[in-house]
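Working from the sequences, and respecting the hints, build out all of it.
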Amino acid sequence: MKIQLVRGVKMVCLLWYLSLPLLGVISAQRMVTVQSGRLYRTEGSHITIWCNVTGYKGSSEQNFEWSVYLTESPDREVKIISTSNPHYAYAVYDARVRNKEIYIERVSGDSVLLHITNLQPRDQGEYECYTPNTDPTYLGTYSAKMNLSVIPDTLSVMSVPQTLNDVEGESLELTCEVSKKTSQHTHLSVTWNLQKGDQTVQVISLSRDFVLRPGSSYAQRYASGNIRLDKTGRTAYKLTIYKLQPSDQGKFYCEAAEWIQDPDESWFSMTKKTAEKTAVNVQATDREFSVRVDTEKRFYMTGEALELKCVIEAQNAANRFFTISWSFNSTPIAVVRSNAILTVNGEYALREQTGQMKVGKESDTLYVLKFQWVRPEDSGKYNCRVTEQEKTVTGELLDKDSKRSKNTHINVQPFKSSIIVSMASDTTTVLEGDTLQFTCNVRKLSRTRNRLAVAWQQIDKQNRRNDIIQLDKGGVLQVGPSYRERGAHGDVRMERVRLDSFTLRIYNTLETDEGQYECRVIEWFQEPDGNWQKIGEHFDTTAVSVTPLESGFSVTAISRTPGVTYNDSFDLQCIIKPRYPSRVPVSVTWRFQPSDATEFHDLVTFSRDAAIQWGDWHPNFRTKSTVEKAAADSNVRLSISRASDMESGKYQCAAEVWRRKSDNSWVKLVNTSSNQLEIKVSRPASKLQVSKSKRSLTLLENDPILLNCSVLSQTSPESRFSVLWYAQKSADAAAKLLLKVNPASAFEYGTYAEEEGLKGRLQFERSSAGTYSLTVQKAHTSDSGSYYCHVEEWLLNPNSIWYKLAEEVSGLAEVTVKQPDNNLQVSKVDNNFTVVENDTINMECVISNRTRPDSQISVEWFVRKPDQTEEQPLIKLKRNSVLELKVSAGQDLLKERLQFERPSTQLYSLILQRAEVLDSGSYYCRVEEWLLDPAKVWYKRAEDTSGQVVVTVQRPEIALEIDGAESNLTVKEKGMFQLHCNVLASSSKQSHFAVTWYTLNTQHGSQEAEKEEVFSISHDSMFRYGSGSRQDRLQFKRPSPDVYSLMIQRAEPGDSGTYICQVQEWLQDPRNNWYTLTERESGLTVVTVQHTGSSLQSVICSNDSLFYFVFFYPFPIFGILIITILLVRYRGRGASKSSEGKNGVPLLWIKEPHLNYSPTCMEPPSLAIHPGSME
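Numbering (mature numbering (1 follows the signal peptide of the UniProt record, and there is no 0)) for the sequence shown: -28 to -1, 1 to 1147.
The hints are simulated quantities; they were obtained by calculation from the structure and are not laboratory data. Hints should not be assumed to be uniformly reliable.
[Unchecked claim] Here are the computed distance ranges between Cβ atoms for each label pair:
id, residue 1, residue 2, range
1, Ala706, Arg738, 26 to 34 Å
2, Gln217, Thr5, 50 to 58 Å
3, Trp774, Glu650, 58 to 66 Å
[Claimed, not checked] Computed list of lysine to any residue pairs in SDA-like fashion (alpha-carbon distance at most 25 Å, straight line):
id, residue 1, residue 2
4, Lys666, Tyr724
5, Lys388, Asn422
6, Lys701, Arg667
7, Lys850, Ser894
8, Lys245, Lys378
9, Lys858, Pro875
10, Lys659, Ser772
11, Lys664, Lys850
12, Lys837, Gly919
13, Lys244, Asp181
14, Lys601, Arg667
15, Lys153, Gly205
16, Lys858, Asn804
17, Lys51, Pro93
18, Lys622, Lys666
19, Lys848, Leu890
20, Lys245, Met130
21, Lys640, Lys666
22, Lys223, Gln134
23, Lys983, Glu1053
24, Lys378, Trp345
25, Lys800, Thr823
26, Lys549, Ala515
27, Lys215, Thr257
28, Lys244, Thr204
29, Lys203, Gln192
30, Lys333, Arg270
31, Lys848, Tyr911
We put the beta carbon where it would ideally sit given N, CA and C, even for glycine.
Right under this line is the structure:
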């Protein structure tokens, strides 16, 4: 058994030993791990990403390299930071690495944290952590990746910053608005904190998993329900603190965080924000309190109201419980408990029930005891006792502290009359028939329940007392016996105008009413049992005298406006003294004496029965006058409106006093007249003012001349004006009337307008009140001069007749009308043109400025030739756009070549087509500017010339070049040879060539060779043959425009020699004339013709008649037969062909064709063009 156990142990050890290499391999495998993603972080936040490496060998401190594959380029690696290489970062991250915005925190040798302090949207992508290999071999993973998304920070935390002052025990409510707009699933946490100096205390928080957690300092108060955090809306979080304590003083603020759950299921706070702070001041409450009793006064009269106030001075009284007890001379009156239950003791309960006493609470600190009616027995000491109670947990109230106020002494006096009677009258002397009025005033009537009785008496001259009228305490009036009749007619009246004031009025006084008047007042008091008690009596007297009606009667006429102006109103007062009552009628008559008369005339009479009677002297007087009699007296006022000359004169009033007799008839008591009152009516003083300011106007032709005439002030708003406008050519010339506008706004032209023809150009306008404008349209230079206005002010007099009140002249307006300044400017830039014959010349005439935009322009072109001293006009564009050619007779070609254009209003061009040498010279344009004067007549205002355009027209530059190569030809007799002439270059594309071939013959004894013309073709394709027998043997060809070829057939020994071609270059000038530009010669061609014997072939070929008969004549006959057959067969199809030569070259003319054959004459003949045609 032991042996087996030993063997087992050995086997286990052996297996363990054998597994060591394998374990070493596994442990040596490198593994890089990075924080798992995808991570969501907010813009601007601080992110850390960890990276670890395990299973490595080598140094214990491993290096790390971070890179990112950004979203916009996921295949491109962007290096960020390395622990070993400070220059590892790409440029996009280099600055942030250097500024420590991105850095690596080494946690240990094989673990680091990547910090990005200010995360940006462009940081979103796939991050890779790489560890360089430190092992002997590569085995394992060296990098790891994770994804990061950067989202906007949408968290919003807001609260209203404020300062609150609360008292201990009160409640505090604060609201914070927290919202987010993140598209990912996130949670919010909300925390309320209290900052007290440098210390921050957590009050309560709502965690991300919606759990409320109070701070340690507020845990107990939270448990008791005094701390609450409620979500009152979608984004509102309200903090409520009940029963504030002094320790709650500080700054409250709300802090919110947004959490997201990472892939490792851990929660991360992406962002955190804090709202504005609210300062809360908590005033500690004092548990002590004091009590006092207040009253308005200490002394009262019986029947007055007494109010006692029990005032409690305590803090936070609203949250405390008090019981109040009222006492009088240590006897309880009433108790008001903290639960508002009232208890009234003893006899006071009856007074409280009948409303004589009231006990109540007006506020938490004010309690009232009120007696509506005090008695003398209510005098004594009053106090209130306040007992504070405290509520237990069960809700029971227990007495805690009690305090009593000081005693308040109240003294109630019994009834005692204290009134004072005073009597007053409007006047002590009245006129018979006037009204007597007396006022009896009672002062110091302090008890409203008292009543008064008033009696009026008269003591006449004989000292007898007469009862007039009395008012008893019950309010019943009773008239005395001697005044009952007068009282029945309403002449005796008594009235209580106020509680303490009584009046007596006696109307239509008599002489017997003169004497002493007495007012006697008796004060009565009603006991509580309803009995009345007289407690006092007081009186006062005054004396009155009565004046008879006839005494002192007088009449006076007055006026406040003895002098008036037209249309004014004036009043005339007829003052009658003394003032009589309405029952005493007075008749009044107004009389008038005109200024130019000696007698008075009755105008109007106000009769005793108030009827108005108008006189007939002045028929219009009634329409402009009013007469009025005052209601309080007999004064009569005469008012006259719209005063005129007819109302100017002397006025007088007469008055009569009447009395009704017992038989109802009237008797005139007295008649008298007033003083004479003179009224002068004059015209109003003129206030006319016309602006005297001088003006100077400088205008251009066709501008309007605006002349203003301002009336600065006028006499009346109804004034009308006649405005006359004058014009003065010069200072020594007389002014002439231009226009007159009468007050009715009718126009009348003056002599100046007639003479100068201004009627159609004058415009009158009244632009505003007092401002008149005259506009002379389309000003002429002849309109220059001085202008002024003459204003007449007209008013309508009261009789509707217009009269001139005043006139004034305005200041001068100096007007100068001139033609517009010459602003015409033509470009002076000189130009030089060198062109080749037949080119087009474009010359410009540029107008850089002009006097007026509506002016008309005339442009004329001139040229001065080099061989001429005077300029030559070419073409002219008149102002009315009519084009006129100015070239002289015989220059028709020039007329055809001239072209005039106007591309714009500022640019005029002269185009000369197909220029020729004779066109060389200096060109320029002359510009005239025409303006339209006000009379619709055009006149030339300005003229200017342009710079010189020097034009040089040249013939083309000679560039003709001929092939100058020399050659040698050897041909057999009867053979053929070709002479070529090649044009290598020409001077112009329009060049034509004349080509001539020569042979050079040297005379015996002469060194110079003579030219013998062989053949020539002119520039217009005309052939010319030289002398000799070669004409029928020559054939000309032109294979191309620049290659000329001359073939000599059937060569003879005499054809041997030296040949040369001469080329003349011809051009056509603008007049279509051809001229020779230049000529050139080719190189020499030496031809040698070898002699041969005669044969049959040569005999036939040398005889033209035989040759034609054998070879040519059969062919036309055979051709005619074929054509006839074709015509019959096709019937109508055209058989003729266009006369074209070989290769489409048109035939110039055709001679008899002949057969061209070889020297053996056995080769097939070829049809060619006879010499004289071009091929």
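These are the hints, each one checked on the structure:
Between Ala706 and Arg738 the Cβ separation comes to about 28 Å, which falls inside the hinted range of 26 to 34 Å. Taking 50 to 58 Å as the suggested C-beta distance range, the pair Gln217 and Thr5 conforms, at roughly 53 Å. Checked against the hint of 58 to 66 Å, the C-beta distance between Trp774 and Glu650 comes to roughly 28 Å, which is inconsistent with it. Our distance criterion of 25 Å between C-alpha atoms is met by Lys666 and Tyr724, whose separation comes to about 22 Å.
Using a Cα cut-off of 25 Å, the hinted pair Lys388 and Asn422 holds, with the two alpha carbons roughly 11 Å apart. Straight-line distance between C-alpha atoms of Lys701 and Arg667 comes to about 16 Å, which keeps the hinted pair within the 25 Å bound. Taken as a hint, the Lys850 and Ser894 pair is honoured in the structure, with Cα atoms around 22 Å apart against an allowance of 25 Å. Of the pairs offered as hints, the one joining Lys245 and Lys378 is violated, with about 59 Å between alpha carbons and a cut-off of 25 Å exceeded.
For the suggested pair Lys858 and Pro875, the alpha carbons sit about 22 Å apart, so the restraint of at most 25 Å is met. In summary, the hint linking Lys659 to Ser772 is supported, as the alpha carbons are separated by about 21 Å, within the 25 Å threshold. For the hint linking Lys664 to Lys850, the alpha-carbon distance of about 50 Å lies beyond 25 Å, and the restraint is violated. Proposed proximity of Lys837 and Gly919 is supported: the alpha carbons are some 16 Å apart, at most 25 Å.
Between the alpha carbons of Lys244 and Asp181 the distance comes to roughly 16 Å, so the proposed pair stays at or under 25 Å and holds. Proposed proximity of Lys601 and Arg667 is contradicted: the alpha carbons are some 60 Å apart, above 25 Å. Using a Cα cut-off of 25 Å, the hinted pair Lys153 and Gly205 holds, with the two alpha carbons roughly 16 Å apart. For the hint pairing Lys858 with Asn804, the CA-to-CA distance comes to about 24 Å; that is within 25 Å, so the pair holds.
With a C-alpha separation of about 17 Å, the suggested pair Lys51 and Pro93 falls inside the 25 Å cut-off, and the hint holds. Distance restraint check for Lys622 and Lys666: the Cα-Cα separation of roughly 49 Å exceeds the 25 Å cut-off, and the hinted pair is therefore not satisfied. Using a Cα cut-off of 25 Å, the hinted pair Lys848 and Leu890 holds, with the two alpha carbons roughly 21 Å apart. The straight-line distance between the Cα atoms of Lys245 and Met130 is roughly 9 Å, inside the 25 Å bound, and the hint therefore holds.
For the hint linking Lys640 to Lys666, the alpha-carbon distance of about 74 Å lies beyond 25 Å, and the restraint is violated. Distance restraint check for Lys223 and Gln134: the Cα-Cα separation of roughly 10 Å lies within the 25 Å cut-off, and the hinted pair is therefore satisfied. Among the hinted pairs, Lys983 with Glu1053 is consistent with the structure: their alpha-carbon atoms are about 12 Å apart, no more than 25 Å. Taking the CA atoms of Lys378 and Trp345, the gap is near 24 Å; set against the 25 Å cutoff, the hint holds.
The hinted pair formed by Lys800 and Thr823 meets the criterion: a straight-line CA distance of about 17 Å does not exceed 25 Å. In summary, the hint linking Lys549 to Ala515 is supported, as the alpha carbons are separated by about 23 Å, within the 25 Å threshold. For the hint pairing Lys215 with Thr257, the CA-to-CA distance comes to about 11 Å; that is within 25 Å, so the pair holds. Pair hint Lys244 plus Thr204 holds up; C-alpha atoms about 22 Å apart against a cutoff of 25 Å.
Distance check on the hinted pair: Lys203 and Gln192 sit about 22 Å apart at the alpha-carbon level, within 25 Å; holds. Using a Cα cut-off of 25 Å, the hinted pair Lys333 and Arg270 holds, with the two alpha carbons roughly 22 Å apart. Pair hint Lys848 plus Tyr911 holds up; C-alpha atoms about 17 Å apart against a cutoff of 25 Å.
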